[in-house]
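Protein chains: 2
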Amino acid sequence: MSSVLIVGSVALDTVETPMGLREEMLGGSATYFSMAASHFSPVRLVAVVGDDFPDELRRLFESRAVDIEGLQVSPGRTFRWSGAYHGMMNEAVTRETQLNVFEGFRPMLPDRYRDTPFVFLGNIDPVLQADVMTQIRAPELVALDTMNFWIDGARNRLEDVLARIDLLIINEGELQLLSGKSNVAAGIRDVMQMGPRSVIIKRGGYGSVLYHDSDWFFVPGYPEERVVDPTGAGDSFAGGFMGSLARDGEVTARTLRRAMIYGSVVASFNITDFGPWKLADLSAGDIEQRFNDFRRLVSI
Amino acid sequence: MSSVLIVGSVALDTVETPMGLREEMLGGSATYFSMAASHFSPVRLVAVVGDDFPDELRRLFESRAVDIEGLQVSPGRTFRWSGAYHGMMNEAVTRETQLNVFEGFRPMLPDRYRDTPFVFLGNIDPVLQADVMTQIRAPELVALDTMNFWIDGARNRLEDVLARIDLLIINEGELQLLSGKSNVAAGIRDVMQMGPRSVIIKRGGYGSVLYHDSDWFFVPGYPEERVVDPTGAGDSFAGGFMGSLARDGEVTARTLRRAMIYGSVVASFNITDFGPWKLADLSAGDIEQRFNDFRRLVSI
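Protein sequence lines correspond, in order, to chains A and B. Heads up: the first sequence begins at 44 in this note's numbering, then just goes up one per residue. Heads up: the second sequence begins at 44 in this note's numbering, then just goes up one per residue.
Do not take every clue at face value.
Said to hold, decoys possible - Okay, derived cross-link-like pairs now, SDA-like style, lysine to any residue, Cα gap no bigger than 20 Å in a straight line:
#  : chain 1 : residue 1 : chain 2 : residue 2
1  : A       : 224       : A       : 194
2  : A       : 224       : B       : 135
3  : B       : 224       : A       : 268
4  : A       : 321       : A       : 103
5  : B       : 321       : B       : 103
6  : A       : 321       : A       : 339
7  : A       : 321       : A       : 59
8  : A       : 224       : A       : 247
9  : A       : 321       : A       : 107
10 : B       : 224       : A       : 321
11 : A       : 224       : B       : 269
12 : B       : 224       : A       : 107
13 : A       : 224       : B       : 103
14 : A       : 321       : A       : 267
15 : A       : 321       : A       : 291
16 : B       : 224       : A       : 214
17 : A       : 224       : B       : 235
18 : A       : 224       : B       : 129
19 : A       : 321       : A       : 150
20 : B       : 224       : B       : 190
21 : A       : 224       : B       : 84
22 : B       : 224       : A       : 62
23 : A       : 224       : B       : 128
24 : B       : 321       : B       : 339
25 : B       : 224       : A       : 103
26 : B       : 321       : B       : 84
27 : B       : 224       : A       : 240
28 : A       : 224       : B       : 60
29 : B       : 224       : A       : 195
30 : A       : 224       : B       : 131
31 : A       : 224       : A       : 240
32 : B       : 321       : B       : 113
33 : A       : 224       : B       : 257
34 : A       : 224       : A       : 214
35 : A       : 321       : A       : 240
36 : A       : 224       : A       : 238
37 : B       : 224       : A       : 57
38 : A       : 224       : B       : 130
Everything labelled a hint here was simulated from the structure, so no lab data went into it.
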């Protein structure tokens, strides 16, 4: 079994949805990713928190055996994000972003992280994503997430790093902005020419799509009636996906498809409660049963 | 092999998309439905046209052996619709609707149509849909389509007929309006309580969902790069679906799932050209190959 490296954010999130309000709960892309991936393979985390970061939140990572030697502590306050979801809850409306110590984040990989075979570059400045790539050695697969802020504001830097990764994982709105195409097939074709040999498009409640080696693979969104908080759905999808790939230890059409389902499985659980605790509490049985449910959703 | 009855509209459509403009071409729900269904089973059509309806358009139905004894000709002009599609082309913007002879349409089933086992009530006034139900005898399955105009303006009449049908086929926006729920699982649960024992939700480029006997089935949208004209996609889906069910001759979890794929297959071809001619020209080989493509899109 291989390991997974995640470089991203650990944050304190304040989230309001039609189902309620939670203040300063544990969040961030690296948090959701690592909780999800930890069910499949060992996880190494690189992120930064402030000296106000509560010890009891750190214990959640330890409970899932996530390696947090790479979790830097900087003087100052932890990154804080506040947002709300309305209606179909497909997109967050950001109320406030306080970067705090995240503003000065420089990812530093502990030496024993540098040979991690499966690497996920979470949504941070493409310059930092490129810097991580100089610190890793001979990875099996490097996947990258990004967002409109970087596509709009740092396109050249983003294209530099896109040319060097294997897999791009973005949502449909980001694909449209990056490619200028509203048609998903046309957009993916454009994005492949920027470098990645595989692309995953996350479509919120509509599921996700993988394009790899001229082959399409679709996973539907799970028909969950009780959506409580979509925060972290994309990151937990990516975590389950990368964790499953690392567990299988190789990248083939078959392992990629399995990984798409496992990513969808953990994301489908994540949205049924606030924060990352639901992810932490999943059993292997929960995951396998939902995996089979996903198969049944499309079997003829 | 059973037959399919479609009651709906035959129209002259003027359509503009980013791919071009076509004026007064053959259109209408019964047209797209019958072209699609005719590849799977015999089709009987009930609709109305004016005395201006060109003979050469009538020949398209004959070329597919669609039974048009039920196509009434009334003095006056044929129903005309004009609309445009922009961007992702998921929804038409209506420019003009001239009901013309369609305004006085009273569906009259020729006597030999009355035992048709598979019946599709296209999107017309729910009073007329209910009237058709009094003319049919012991159908195997009755499916119904409707639209926001009737959900908003004739809810009581619509609920009367919903209580008497087997299968509701609507799009996601219509489900939201009908149920008041933005969550698709919650919306379907509400709609089932109005009567139908099965529901299909059409989701444009995201494919479609079937809910039947507490079981979900998802079909993705085909990743077509060259979408020319989405007009009739929903009606050709319904036609392929009902035609496949009629060909199988019985309603089971298995035949419903096959029918969902065949509906998606014909709809995926329909959108690659203006008008219903692409549907008319499909070969059995085209259809079987695309059916297998659809299986591959989701196979693990």
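Inset, instruction - Sort out which numbered hints this structure fails and list those numbers smallest first. - result: Failing hints, ascending: 6, 10, 12, 13, 15, 16, 17, 19, 21, 24, 25, 27, 29, 32, 33, 35, 37.
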